[in-house]
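Colleague: Protein sequence lines correspond, in order, to chains P and C.
Just so you know, our numbering puts 33 at position 33 of the first sequence, and the rest follows in order with no gaps.
Just so you know, our numbering puts 1122 at position 122 of the second sequence, and the rest follows in order with no gaps.
It should be emphasised that the hints constitute simulated quantities derived from the structure, not laboratory data.
Don't take every hint at face value.
Simulated restraints, written as ranges between beta carbons of each label pair [said to hold, decoys possible]:
id, chain 1, residue 1, chain 2, residue 2, range
1, C, I1074, P, A136, 15 to 21 Å
2, P, D10, C, N1008, 22 to 28 Å
3, C, V1108, P, V94, 49 to 55 Å
4, P, S123, C, I1074, 47 to 53 Å
5, C, V1140, P, D10, 19 to 25 Å
6, C, V1108, P, W69, 28 to 34 Å
7, P, A70, C, G1120, 40 to 46 Å
8, C, G1111, P, A70, 46 to 52 Å
9, C, S1077, P, Q59, 26 to 32 Å
10, P, W69, C, N1008, 35 to 41 Å
In silico negatives: residues of chain C with every beta carbon more than 10 Å from chain P [to be verified]:
id, residue
11, I1009
12, E1030
13, L1040
14, D1090
15, F1092
16, T1098
17, W1102
18, L1125
19, T1127
20, E1132
21, P1135
22, G1156
23, Y1161
24, L1162
Don't be surprised by glycine CBs; every beta carbon is placed ideally from N, CA and C.
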Amino acid sequence: MMELFQRIEDSGLGVYIREDPWGFAIALSAHAVGMSMALGVVMVATLRSLNVLKQVPLQAHANLYAVAWAGFFVNLISGIALYSSHAVEYSYQVVFIMKLLLILAGGILFKLMIDSARKYGDSAGRTKLMGFLSLASWLGAIITGRLMAYF
Amino acid sequence: MTTNDFLNILGDSWVGEMARGPFWMWPFLENIHFIGLSALVGGLLVIDLRVIGIGPAKYIPMKPALSLIPYVMIAFSLNLITGIIFFCGDPFRYYYNTAFQWKMALIVLAGINALWFWFGEHAKLSTLADGESAPIPAKVIAAASLALWTGVIILGRLIPYLE
């Protein structure tokens, strides 16, 4: 595995992002913009399920899911670029692995929230629970991502 | 009193000392700042994309969308407060930082833009029917809002790189 991570790090993309004076900064900026798009939509929708922003029906937020997906793909691409620049270090970083798992959980739970809202209503108990767990996972993904600079 | 005297006062204040306090304080504040920025953009996406009327976003009902304005203000306040604490924690670094200076300029423009929206367009918009197109000036303001805040995020992220 170590060899594979080393090869990713030595790839053209990895070298560029790590060594170009602007490579890492540009990828990080894109990552922050993508985060705001994906997490922004996730937050208004999950807070709706928790009856915090209840004037907007979940069905209305569905009109912005394409924006959330766009943000997600911006971050998938910028994330791969950032990862390739320090693949060996990140692959063994606990907060990074936690971040990936939290993104996976947050996405699945968000889908379960939408399905539940369709079946049982925007503020049904099950919708609330899935919304709460999804929001917690996504906030956890922001936090563990930010903490990669510290641990 | 010179600017540098003022920056020294901020740096020596209890707010500055708090920011440089325990090791977890800075990353803790950064996390709030990132969550606040996501919340801010989320609220703006609902309002601004509805007003611009791009794709399916025009089917978001206008009145509920406008009800997110207080949410946006709370998110902005979180980031204003954490931002002021960061500034006091390291005032010389931020004050003389190019990316930070541009970031502040864009936030001021975004603020003026928001006031223009509130006083010039808000009343007209709240009477729009579902799916009805917003007036052109409102669309321009909404597009400017998204562009300015995207710039704010990018410049904020560039603070360590654009000294």
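Colleague: All hints are to be evaluated individually against the structure, with a verdict given for each.
Modeller: Hints and how they fare:
1. Separated by about 19 Å at the C-beta atoms, I1074/C and A136/P satisfy the suggested range of 15 to 21 Å.
2. About 47 Å separates the C-beta atoms of D10/P and N1008/C, a value inconsistent with the hinted range of 22 to 28 Å.
3. Checking the proposed 49 to 55 Å range against V1108/C and V94/P shows it is violated: the Cβ atoms sit about 41 Å from each other.
4. A hinted range of 47 to 53 Å is violated for the C-beta pair S123/P and I1074/C, which are about 21 Å apart.
5. One distance hint, 19 to 25 Å for the beta-carbon pair V1140/C and D10/P, is violated here, with the actual separation near 48 Å.
6. Distance hint for V1108/C and W69/P: a CB-CB separation of about 32 Å, consistent with the stated range 28 to 34 Å.
7. The hinted window of 40 to 46 Å between A70/P and G1120/C is violated, with their beta carbons roughly 30 Å apart.
8. Separated by about 27 Å at the C-beta atoms, G1111/C and A70/P break the suggested range of 46 to 52 Å.
9. Evaluation of the 26 to 32 Å hint for S1077/C and Q59/P yields a pass: the beta carbon distance comes to about 29 Å.
10. In this structure the hint that W69/P and N1008/C lie 35 to 41 Å apart at CB is violated, the actual value being about 48 Å.
11. Distance to chain P confirms I1009/C as a non-interface residue, since its nearest Cβ pair spans about 29 Å, more than 10 Å.
12. Not every CB of chain P lies more than 10 Å from the CB of E1030/C, the least distance being 5 Å, so the non-interface label is violated.
13. Its beta-carbon lying about 8 Å from the closest one in chain P, L1040/C breaks the requirement of being farther than 10 Å from that chain.
14. For D1090/C, the condition that its CB be more than 10 Å from all CB atoms of chain P holds, with the nearest at approximately 16 Å.
15. For F1092/C, the requirement that its beta carbon stay farther than 10 Å from each beta carbon of chain P is met, with the minimum near 21 Å.
16. Residue placement check: T1098/C keeps its beta carbon more than 10 Å from all beta carbons of chain P (closest about 13 Å).
17. With a least CB separation of 13 Å from chain P, W1102/C remains clear of the 10 Å interface cut-off, as annotated.
18. Residue-level check passed: L1125/C sits 15 Å from the nearest beta carbon of chain P, beyond 10 Å.
19. At roughly 16 Å from the closest C-beta of chain P, the C-beta of T1127/C stays outside 10 Å, upholding its exclusion from the interface.
20. The Cβ of E1132/C lies farther than 10 Å from every Cβ of chain P, with a closest approach of about 15 Å, so its non-interface assignment holds.
21. The beta carbon of P1135/C sits about 21 Å from the closest Cβ of chain P, which is more than 10 Å, so the claim that it is off the interface holds.
22. At the 10 Å boundary, the C-beta of G1156/C falls inside the reach of chain P, the nearest C-beta of that chain being 7 Å off.
23. Chain P draws Y1161/C into its interface by the beta-carbon criterion, the shortest separation being 4 Å against a cut-off of 10 Å.
24. For L1162/C, the requirement that its beta carbon stay farther than 10 Å from each beta carbon of chain P is not met, with the minimum near 8 Å.
Hint check: violations occur at hints 2, 3, 4, 5, 7, 8, 10, 12, 13, 22, 23, 24; the rest are consistent with the structure.
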